[in-house]
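Q: This is what each chain is made of:
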Amino acid sequence: MTNSADAAGDHESYDLAVVGAGPAGLAAAASAAEHGVRVALLDGAPQPGGQFYRQPAAELRAERPQALHHHWSAFQHLLARLDAVRERVTLLSDHHVWSVTGGSGAFAVHALTGPDQRQARSLTARQVLFATGAHERQLPFPGWTLPGVVGAGGAQAMLKAGLVLPGRRVLVAGSGPLLLAVAASLTAAGATVPLVAEAAGYLGYARGARVLAANAGKLVEGAQHGATLLRHGVRLRPRTAVVAAHGTDRVEAVTLARLDAAWRPLSGTQWRVPCDAVAVGHGLVPQLELPLEFGCHTRRLPDGSAALVVDAAQRTTVPGVWAAGESTGVGGVQLAITEGELAGLAVAGQNTAPRSLLRRRSRQRAFADLMAARHAPGSGWTQWLDDATEVCRCEEVTARQVRDAVAELGAADQRTVKLLTRAGMGWCQARMCGPAVARLCGAPNADRHDDGAPTRPLSTPVPLGLLAECDTNAPSSEGAPR
Amino acid sequence: MTRGPLDLVRARPEPPFEFSFDGEQLTALPGQTVAAALWQSGRLAWRRTRVGDRPRGAFCGMGACYDCLVELDGVPNVRACLAPVRPGTRVRTQRGDGHDELR
Numbered sequence: 001m002t003n004s005a006d007a008a009g010d011h012e013s014y015d016l017a018v019v020g021a022g023p024a025g026l027a028a029a030a031s032a033a034e035h036g037v038r039v040a041l042l043d044g045a046p047q048p049g050g051q052f053y054r055q056p057a058a059e060l061r062a063e064r065p066q067a068l069h070h071h072w073s074a075f076q077h078l079l080a081r082l083d084a085v086r087e088r089v090t091l092l093s094d095h096h097v098w099s100v101t102g103g104s105g106a107f108a109v110h111a112l113t114g115p116d117q118r119q120a121r122s123l124t125a126r127q128v129l130f131a132t133g134a135h136e137r138q139l140p141f142p143g144w145t146l147p148g149v150v151g152a153g154g155a156q157a158m159l160k161a162g163l164v165l166p167g168r169r170v171l172v173a174g175s176g177p178l179l180l181a182v183a184a185s186l187t188a189a190g191a192t193v194p195l196v197a198e199a200a201g202y203l204g205y206a207r208g209a210r211v212l213a214a215n216a217g218k219l220v221e222g223a224q225h226g227a228t229l230l231r232h233g234v235r236l237r238p239r240t241a242v243v244a245a246h247g248t249d250r251v252e253a254v255t256l257a258r259l260d261a262a263w264r265p266l267s268g269t270q271w272r273v274p275c276d277a278v279a280v281g282h283g284l285v286p287q288l289e290l291p292l293e294f295g296c297h298t299r300r301l302p303d304g305s306a307a308l309v310v311d312a313a314q315r316t317t318v319p320g321v322w323a324a325g326e327s328t329g330v331g332g333v334q335l336a337i338t339e340g341e342l343a344g345l346a347v348a349g350q351n352t353a354p355r356s357l358l359r360r361r362s363r364q365r366a367f368a369d370l371m372a373a374r375h376a377p378g379s380g381w382t383q384w385l386d387d388a389t390e391v392c393r394c395e396e397v398t399a400r401q402v403r404d405a406v407a408e409l410g411a412a413d414q415r416t417v418k419l420l421t422r423a424g425m426g427w428c429q430a431r432m433c434g435p436a437v438a439r440l441c442g443a444p445n446a447d448r449h450d451d452g453a454p455t456r457p458l459s460t461p462v463p464l465g466l467l468a469e470c471d472t473n474a475p476s477s478e479g480a481p482r
Numbered sequence: 001m002t003r004g005p006l007d008l009v010r011a012r013p014e015p016p017f018e019f020s021f022d023g024e025q026l027t028a029l030p031g032q033t034v035a036a037a038l039w040q041s042g043r044l045a046w047r048r049t050r051v052g053d054r055p056r057g058a059f060c061g062m063g064a065c066y067d068c069l070v071e072l073d074g075v076p077n078v079r080a081c082l083a084p085v086r087p088g089t090r091v092r093t094q095r096g097d098g099h100d101e102l103r
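Quick note, the sequences are listed as chains A and B, same order. Read in order, the letters of the first sequence are residues 1 to 482 in our numbering. Read in order, the letters of the second sequence are residues 1 to 103 in our numbering.
Isolated chain B (complex conformation):
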């Protein structure tokens, strides 16, 4: 039997729901942050850096490093490790400073 974090704390979460990441439907558990839901789906990167166009994701996990910035329902520069994911949330990879389309 594979034991996971949910088994360890005997979590009986409320039913999962769907949200989208770059157009793809993924599943999250109520109460999870965007970063946690993406980790659960096996994704570690959801930002491309401004200078080197390199992939980034969560690093400090507590809102201090801003590496996990993501576009959430059209709003860029949201910290994925703090923002809760909700049913139907549209998450998109953030490119650059999140305002590239303004250039």
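Bound conformation, chain A alone:
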């Protein structure tokens, strides 16, 4: 695999541009290149692997990075396969793709690169594959903006890449299987985890016994995390949530509460636990800015989030555009790799995919759907907000302001709330507050095939000078305005 950090000549052209070098993107690039496709693999991070296989920087010289990972051998295998076809794969690390334009047969992929992401780089490709992954779903609670309250995935990412912890006593809370992995990593790395608060109940999994039996590996993985936690004396409390974080300049304690099945806090069940950090997250949501802007259709997942519609060959609804991994529905690393393999084969024109791969995908997809249904946020979480809770972290918009916009000004969707309150208008472009604001506007409308979130013309902030220079019809290859 060629790692081409320097801008090459004008009009670099490829058969396939893969956006995202996580498990799905790596698998797609490998399987396509193995069948003769010339691939550009773009990713914003300095090293391939995505969020899941995030590694310590080379200068930290970690001899055993796998101590913080599961399925490490699968990653090594993907890298080895890519290395074997390196003459056909150009890895473009540290490339933040901000827009894809054009159409089937002639796409232009625009990225920012360089130390402060102010250099433009564009390339053309006959087909595009989105393996853009997911980000964490956050639900606000009083005090969640205090320093020390961090995303569960965020704590994991900082630990995997920078080998640091946010504190010594880190409470883990939210919902979803990621919490167990995060708690296991934190304890292995020396933190004390006083409690893992899971808002959902685990009993619901029993209703999916057949799906579970077909995905025994997932049970083993869960059991391994469970064993690690047991060894460190970490308690897992289902149907429990952090309903408030306390402190002045940083978190010092949290209030926990038992929840009913709809995630409403049960009165009289609150208790306080001291901690110096909280790692919190409520599952993952597909990261879709680029494909949505392109007009790819989405479907609603069992947990209410939107994911790309793909056919059996991983084609999206836009000709020449493919997708694999979490962007088509959050399902974990193994499903992402399976989908990447299938997409790569299909892009290469291999019309008969191995039956074993197809079977594996449907089995893993069934597990993903079960998981999404079990950890779907209950509507009652809004009861733990108080008037002053900031819902939108960027624009500092409170729950009271959002509720007033809905109840008194008649806002019925996220977009109207944004126009009235600025919630979702800030730096993160509603990645953090989007699911919360959508819920505060009322239940999502099942008729729509998107989640009501407005599409974004740019997926990452771009210097204005650079936009002005950008001729989207004939992509220029370089320019470094400031």
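Hints should not be assumed to be uniformly reliable.
Unchecked claim - Computed from the model, here is a short list of chain B residues facing chain A with C-beta under 7 Å: (1) Leu6; (2) Glu14; (3) Glu18; (4) Leu26.
For the record, the hints were derived by calculation from the structure and aren't laboratory data. Here the structure is a predicted model, which means the values were calculated and not measured. Glycine is no exception: its CB is placed at the ideal position from the N, C-alpha and C atoms.
Once you have looked at the hints, place chain B on chain A.
A: Frame of chain A, contents of chain B only:
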């Protein structure tokens, strides 16, 4: 024995170096981001918000939330969770939108 993240992965990092945070000299390991180096020093906040003047630091840890914006060598609005820290880097708490002095 206290085991930390470095022990867990058997890291043998290159020698640490100094950088400054609001004028104070702190130590970082080569390869760490600004956010990681600040966490290592026990600091969790390096921004004051525009409206409420409240402290903020890293939240999503992956460049998506922009909560960790910081002033780096005089340039505001840099994501501390992505930017690598280098010997002599001057890091300063970001106030507001980072352009207050222009007002």
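Q: Against each hint, give a clear statement of whether it holds in the structure.
A: Consistency of the hints with the structure:
no. : hint  : result
1   : Leu6  : 5 Å, holds
2   : Glu14 : 5 Å, holds
3   : Glu18 : 16 Å, violated
4   : Leu26 : 13 Å, violated
Of the hints listed earlier, those the structure fails to meet are numbers 3 and 4, in rising order.
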